[in-house]
Amino acid sequence: MNDFIFKKHKILFLNICENMGTYPHMRCASLYKDIKGWEKRKFKFAEHVSGSDMSKWYGEWKQYINEYDTVFIGDGGRGPDIVAYLNKVNPNIRVILYYLDTIFPGHRCEPCNYKDLNCEMYTFDKENAKKYGIPFKHFYYPYMSLNNTSQLENVNASISANDVNDIFFVGQDKDRLSYLLQLKEKFIEIGLSCDFHIKRNPHSLYWPWNKKTYL
12 MNDFIFKKHK ILFLNICENM GTYPHMRCAS LYKDIKGWEK RKFKFAEHVS
62 GSDMSKWYGE WKQYINEYDT VFIGDGGRGP DIVAYLNKVN PNIRVILYYL
112 DTIFPGHRCE PCNYKDLNCE MYTFDKENAK KYGIPFKHFY YPYMSLNNTS
162 QLENVNASIS ANDVNDIFFV GQDKDRLSYL LQLKEKFIEI GLSCDFHIKR
212 NPHSLYWPWN KKTYL
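For the sequence shown, our numbering assigns the number 12 to the initial residue and increments by one for each residue that follows.
One thing to keep in mind: the hints can contain errors.
Restraint-style ranges between C-beta atoms, simulated for each label pair [claimed, not checked]:
| id | residue 1 | residue 2 | range |
| --- | --- | --- | --- |
| 1 | H36 | I199 | 43 to 53 angstroms |
| 2 | Y75 | R187 | 29 to 39 angstroms |
| 3 | R38 | N129 | 20 to 30 angstroms |
| 4 | E50 | G144 | 33 to 43 angstroms |
| 5 | F180 | K141 | 16 to 26 angstroms |
| 6 | R187 | S61 | 25 to 35 angstroms |
| 7 | N124 | H20 | 23 to 33 angstroms |
| 8 | E196 | A57 | 37 to 47 angstroms |
| 9 | F179 | E58 | 33 to 43 angstroms |
| 10 | D177 | Y143 | 25 to 35 angstroms |
| 11 | H36 | E196 | 45 to 55 angstroms |
| 12 | Y143 | F179 | 27 to 37 angstroms |
Capping the alpha-carbon separation at 25 angstroms, the derived lysine to any residue pairs in SDA-like fashion look like this [to be verified]:
| id | residue 1 | residue 2 |
| --- | --- | --- |
| 13 | K210 | I178 |
| 14 | K195 | Q183 |
| 15 | K195 | V175 |
| 16 | K47 | H59 |
| 17 | K148 | F180 |
Keep in mind the hints are simulated off the structure, nothing from the lab. Think of the CB as a built atom: it goes at the ideal place given N, C-alpha and C, for glycine as much as any other residue.
Could you put the whole structure together from the sequences, leaning on the hints where they help?
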C-alpha cells in the first residue's frame with residue numbers, strides 16, 4: 012500500500028481484519044456492539060424487518076464517524092442499513108463495500124440492495140464481478156511489521172519440508188462443502204495429492220454422510 016496516498020485520508024474499517032488498523036491513518040472498529048441475551052434476539056428480529064432502526068446497536072465508531080472521509084465495509088456489513096446511515100449523517104464520506112466472500116443470490120448483502128445508496132462496490136471473486144457488474148480487486152493483505160516477531164508466534168514451523176501437496180485448501184464451508192469435496196475427488200482422480208481443511212459454518216447442521224474433519 013502506498014503510504015503517500017493514505018496520508019491524504021482518514022480511513023475507517025468496519026467488519027474487516029483488525030490488523031488493517033496498524034496501517035498509518037487507519038482505524039478498525041466493530042460494526043455492532045457486543046449484544047447478548049434478550050437484546051440479541053431483538054437485534055436478530057429487527058434485521059429481518061424492513062425499515063428497522065439498527066443504529067442503536069452500532070458500535071462506538073458512530074460517535075467519531077465525522078472524523079473520517081473514507082469507510083471500508085467488509086462484505087457489505089450485514090445489510091444496507093449501515094450505508095444508509097452513513098449517507099445520512101455524513102453525506103460527503105466515501106463508502107466502499109469490499110466483498111471478501113462470494114455473494115449468494117437472495118442474501119441481504121446482495122449488491123442490488125444498495126442500488127439507491129451512495130457507495131462503491133468491489134469483489135475479489137471474478138465470477139461475482141461478471142454477474143453483478145462490479146469491479147474485481149485482488150484480495151488485500153493485513154499489515155505485518157517485520158520488526159514485530161510476536162505476530163509470528165502462532166505460526167507452526169514444525170511441518171516437514173517433505174509434507175508437500177499439489178493442492179492445499181484451508182477455509183470455511185460457506186455453503187460450498189459438497190462442491191469442495193467434489194473438487195477434491197477430481198483432483199485425486201487425475202493424480203494430484205490434496206490436503207483439505209474445511210471449517211464448518213457457525214450454527215449449521217450437517218447430515219452424517221456429509222461430515223468432514225473440520226479445523
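message = Can you tell me whether the CB distance of F179 to E58 sits inside 33 to 43 angstroms?
response = 36 angstroms Cβ-Cβ, so the 33 to 43 angstroms window holds.
key: Straight-line alpha-carbon gap K195 to Q183, limit 25 angstroms   = 15 angstroms, holds
message = Tell me if the beta carbons of H36 and I199 are separated by a distance inside 43 to 53 angstroms.
response = For I199 against H36, whose Cβ atoms are near 48 angstroms apart, the range 43 to 53 angstroms holds.
task = Take the C-alpha atoms of K210 and I178, compute the straight-line distance between them, and say whether it is at most 25 angstroms.
result = 17 angstroms, holds
message = Given the hinted pair K47 and H59, is their Cα-Cα distance within 25 angstroms?
response = 18 angstroms, holds
ask   = Using the C-beta atoms of R38 and N129, is the stated range 20 to 30 angstroms upheld?
value = 21 angstroms, holds
query = Range hint 29 to 39 angstroms: satisfied by the CB atoms of Y75 and R187?
reply = 38 angstroms, holds
inquiry  = Does F180 sit within 25 angstroms of K148, going by the straight-line distance between their CA atoms?
reply    = 21 angstroms, holds
key: Hint check for K141 and F180 - Cβ pair distance inside 16 to 26 angstroms   = 23 angstroms, holds
request  = Would you check the hint for K195 and V175, treating anything up to 25 angstroms between C-alpha atoms as holding?
outcome  = Holds, because 16 angstroms separates the two Cα atoms, which is no more than 25 angstroms.
ask   = Okay, E50 versus G144 on CB: inside 33 to 43 angstroms?
value = 38 angstroms, holds
ask   = How does the Cβ-Cβ distance of Y143 and F179 compare with 27 to 37 angstroms: does it lie in that range?
value = 29 angstroms, holds
No hint from the list above goes unmet by this structure.
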